[in-house]
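Participant: Residue-level listing of the chains:
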Amino acid sequence: MAAGQGLIDMVDWRRIRGDFPALRRRINGRRVVYLDSACMSLKPRQVIDAMNEYYEMYPACAGRSIHRFGEEASNAYHASRCKFADFLNANQPEECIWTRNATESLNIVASSVNLPKGSKIITTSLEHHSGSLPFVERARRDGLRIEIINAQEDGTFDIEDWKGAIDHSTSLVSIVHSSNVTGTVAPIKEIAELAHDRGALIMSDDAQYAPHHPLDVQALDVDFSAISVHKMCGPTGMGVLYGKLEHLESMNMFLFGGDTVRDVRFENGKIVPEYLHPPEKFEAGLQNYAGAIGAGAAAEYLQSIGMHEIERHERSLLESAMKRLLEMRHVHILGTDDISLKTGLVTFTVDSVPSAHDVASFLNDEFNIMVRSGWHCAGPFHYQMGIDPKMGTTRASFYLYNNINDVNAFLEGLATLIEVSS
Amino acid sequence: MPDLSRNAQCVLKILETKDSLTTTEILELASTEQYSDVCTDCAGGDAFVAAANQLVEKKLVTKTFGKGGYRWRLVRG
Chain Z
1 MAAGQGLIDM VDWRRIRGDF PALRRRINGR RVVYLDSACM SLKPRQVIDA
51 MNEYYEMYPA CAGRSIHRFG EEASNAYHAS RCKFADFLNA NQPEECIWTR
101 NATESLNIVA SSVNLPKGSK IITTSLEHHS GSLPFVERAR RDGLRIEIIN
151 AQEDGTFDIE DWKGAIDHST SLVSIVHSSN VTGTVAPIKE IAELAHDRGA
201 LIMSDDAQYA PHHPLDVQAL DVDFSAISVH KMCGPTGMGV LYGKLEHLES
251 MNMFLFGGDT VRDVRFENGK IVPEYLHPPE KFEAGLQNYA GAIGAGAAAE
301 YLQSIGMHEI ERHERSLLES AMKRLLEMRH VHILGTDDIS LKTGLVTFTV
351 DSVPSAHDVA SFLNDEFNIM VRSGWHCAGP FHYQMGIDPK MGTTRASFYL
401 YNNINDVNAF LEGLATLIEV SS
Chain L
423 MPDLSRNAQC VLKILETKDS LTTTEILELA STEQYSDVCT DCAGGDAFVA
473 AANQLVEKKL VTKTFGKGGY RWRLVRG
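Chain order of the listed sequences is Z and L.
Per the numbering used here, the first sequence starts with residue 1, numbered consecutively.
Per the numbering used here, the second sequence starts with residue 423, numbered consecutively.
Hints are not guaranteed to be accurate.
Within a straight-line C-alpha distance of at most 20 angstroms, the following computed SDA-like cross-link-like pairs (lysine to any residue) qualify [as the list claims (entries may be wrong)]:
{"id": "1", "chain 1": "L", "residue 1": "K489", "chain 2": "Z", "residue 2": "H168"}
{"id": "2", "chain 1": "L", "residue 1": "K485", "chain 2": "Z", "residue 2": "K189"}
{"id": "3", "chain 1": "Z", "residue 1": "K189", "chain 2": "Z", "residue 2": "H168"}
{"id": "4", "chain 1": "L", "residue 1": "K489", "chain 2": "Z", "residue 2": "E366"}
{"id": "5", "chain 1": "L", "residue 1": "K485", "chain 2": "Z", "residue 2": "D365"}
It is worth saying that the hints were derived from the structure and are not from the lab.
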């Protein structure tokens, strides 16, 4: 038995697969093979039940209503923040801000963090548009400089490029921790050390990393982290911004309104607000209580299985897929084939079918295999690689509910496509 | 056709000009100046092809897979 094999077997993956109602569907008499988790994960019964319980049993405002429903909603809302803080290993729950998604988390930092005039922001060519555009626009708004570090062709970074780029004029580094195109994992800890040595903050886009790997924001020493809950078995419209409390305290507010204030006085004809500390400072208006409760349930669900186990499971599926893909005629993989550097996804082109959308459509139409095609909101990297974004690339992404049968179905479907198209 | 999305209207407009077109040809045409008034969301191609697939569901368009990928045709008459 290979090292680690015993640990893998300790998890009953078949039982876990049974937690996901969507996988029981049959379409045109066939089972569903869902390989688009990098975009949207399926939801387990435990998360759906937690959210339904809120709507059915105590659908009230948290924090302010003094009746029984309000108290139960407040307790569940707070408990969810604590669960999420534990999931990330945040120092305290107040460092976790509920947002709509990682995009909003990135935008809050980009628009509200204090950056000195004339300073430099560094980001990369591998970012999702949600990771680059907020900082491009911040730089434009405030006349800051922005430097782009090119990812290498295999989707990794040369640490020497970072050493050369991060200088004492750098105020912020924003980097995707795990790419949604190549799946490559960036050396965040090393880059955070470089940034801090030169007085810069570091923002980690963890939308793809958090659902698939153990994430410890304190060990990595990142200043901010952006997470999309919908990619980690949680509800849509929910995200988290992690920030070290000292930074959240000093940041400008993003939205103003109800629930953000300690007091709003009326003095000499003027309205004078006094704002609360984080997290309330960043959570204006009525919140998505069901979503937050679902987010907490998702974090708890994943932790109950174990993030190391999930990482190992996905990599074992990816390894099986990559091994055959590398041997397939007409298939070209984007990024490294070193599994140890990757999240459980593979992106590729098929040279007998120029449009990736045709690959995705064929797999869906003929086999119920659901993969993603397009530029994956990562236009710059596609341009860098000389791939026409509108022709796109095809991405298959694996998660805890996938199994070797899914991998085999995908590979057989792809082999059929190549046979018919070439 | 007011119930069709802008992307779907774009696909129909392009297919009106030819007997049949491949996905690549449609996407190339959609990004030209000639169709820039209706074809505005073709940069990544995905939303555009999703709209084309909806036209197949509505039986306004057919598609067949063969060498090089899908070929799309307008259902005429």
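Participant: Out of the numbered hints, which ones does the structure contradict?
Facilitator: 1 and 2
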